[in-house]
Amino acid sequence: MNNEKVRVRFAPSPTGHLHLGGARTAIYNWLLAKKYGGTFILRIEDTDIKRLFPGAIEGILDSLSWLGLNWNEGPLVGGDYGPYQQSKRMDLYRNAAYKLLEEGKAYRCFCEPKELEERRRKALKEKKAPMYDERCRKLSKKEIDELLKMKKPFAIRLKIPETGVTEINDLIHGKIVFKNKFIEDFVLLRSNGDPTYNHSCVVDDNAMKIVEDAMK
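Residue numbers (the numbering used here): 16 to 231.
For the record, the hints were derived by calculation from the structure and aren't laboratory data. Here a beta-carbon is modelled for each residue, glycine too, at the ideal position from N, C-alpha and C. Any given hint could be a false lead.
As the list claims (entries may be wrong) - Straight line, CA to CA, 30 Å or less: simulated DSS-like cross-link-like pairs of lysine-lysine: (1) 103 with 49; (2) 166 with 140; (3) 194 with 140; (4) 174 with 114; (5) 156 with 103; (6) 140 with 196.
Unchecked claim - Label pairs and their computed distance ranges (CB to CB): (7) 142 with 187: 31 to 37 Å; (8) 129 with 159: 42 to 48 Å; (9) 35 with 110: 35 to 41 Å.
Let the sequences and hints guide you as you build the complete structure.
In structure tokens form, the structure reads like this:
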């Protein structure tokens with residue numbers, strides 16, 4: 016266990032009622048914080064507007080309170096790293112994506128959803144991994160400027176290193192190694208400016224100083 020003070024979070028999406036699996040995850044995180052004298056944080060991940068369920072946020076808060084899982088930071092109680100609702104933190108995610116873009120660690124992807132779906136189906140038909148082919152990563156500055164001048168919509172993708180490996184230290188499984196060539200340049204911001212789950216939760220975990228995030 017990390018020597019830093021444990022900060023764990025439970026981050027449900029309000030797409031329905033709190034289910035048994037979600038409650039179990041919350042209990043494990045709550046117990047971990049209690050055992051090590053840490054902080055249990057509740058964060059509402061509501062960036063997927065199409066899947067939001069009316070009254071779900073209130074229902075989640077009521078269910079956690081009924082279970083006796085009182086949170087130290089989050090909705091209703093506040094904290095130093097709020098707001099604790101992702102829909103109120105959109106500028107943070109957009110700024111982070113554009114910062115990566117400026118640093119050359121991300122790039123604009125002008126591919127349309129229909130194109131991406133056609134390529135995915137073609138790859139599957141050929142029994143290949145349906146990964147993004149990185150064609151927009153290879154665009155020249157002149158080509159990018161022309162597309163921007165045409166006001167062509169774009170997403171922002173993370174530029175994964177083309178060689179080497181990515182290593183993580185999982186608290187359960189230990190060291191896990193991934194070859195970068197098998198990791199797709201995933202989307203950070205969609206063409207409508209909304210962040211993806213992978214982007215927003217990492218930005219928040221960093222901003223909220225989540226130290227231990229083992230229970231999901």
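Going through the hints against the structure:
Taking the CA atoms of residue 103 and residue 49, the gap is near 28 Å; set against the 30 Å cutoff, the hint holds. Only pairs whose Cα atoms come within 30 Å are accepted, and residue 166 paired with residue 140 is rejected, the gap being roughly 33 Å. About 24 Å separates the Cα atoms of residue 194 and residue 140, which keeps this hinted pair within 30 Å; it holds. For the proposed pair residue 174 and residue 114, the alpha carbon gap of about 13 Å is at most 30 Å, so the pair holds.
For the hint linking residue 156 to residue 103, the alpha-carbon distance of about 34 Å lies beyond 30 Å, and the restraint is violated. With a C-alpha separation of about 21 Å, the suggested pair residue 140 and residue 196 falls inside the 30 Å cut-off, and the hint holds. Checked against the given bound of 31 to 37 Å, the beta carbons of residue 142 and residue 187, roughly 32 Å apart, stay inside it. Checked against the hint of 42 to 48 Å, the C-beta distance between residue 129 and residue 159 comes to roughly 21 Å, which is inconsistent with it.
Roughly 37 Å separates the CB atoms of residue 35 and residue 110, a value that falls within the hinted 35 to 41 Å.
Checked against the numbered hints given earlier, this structure breaks hints 2, 5 and 8; the rest are met.
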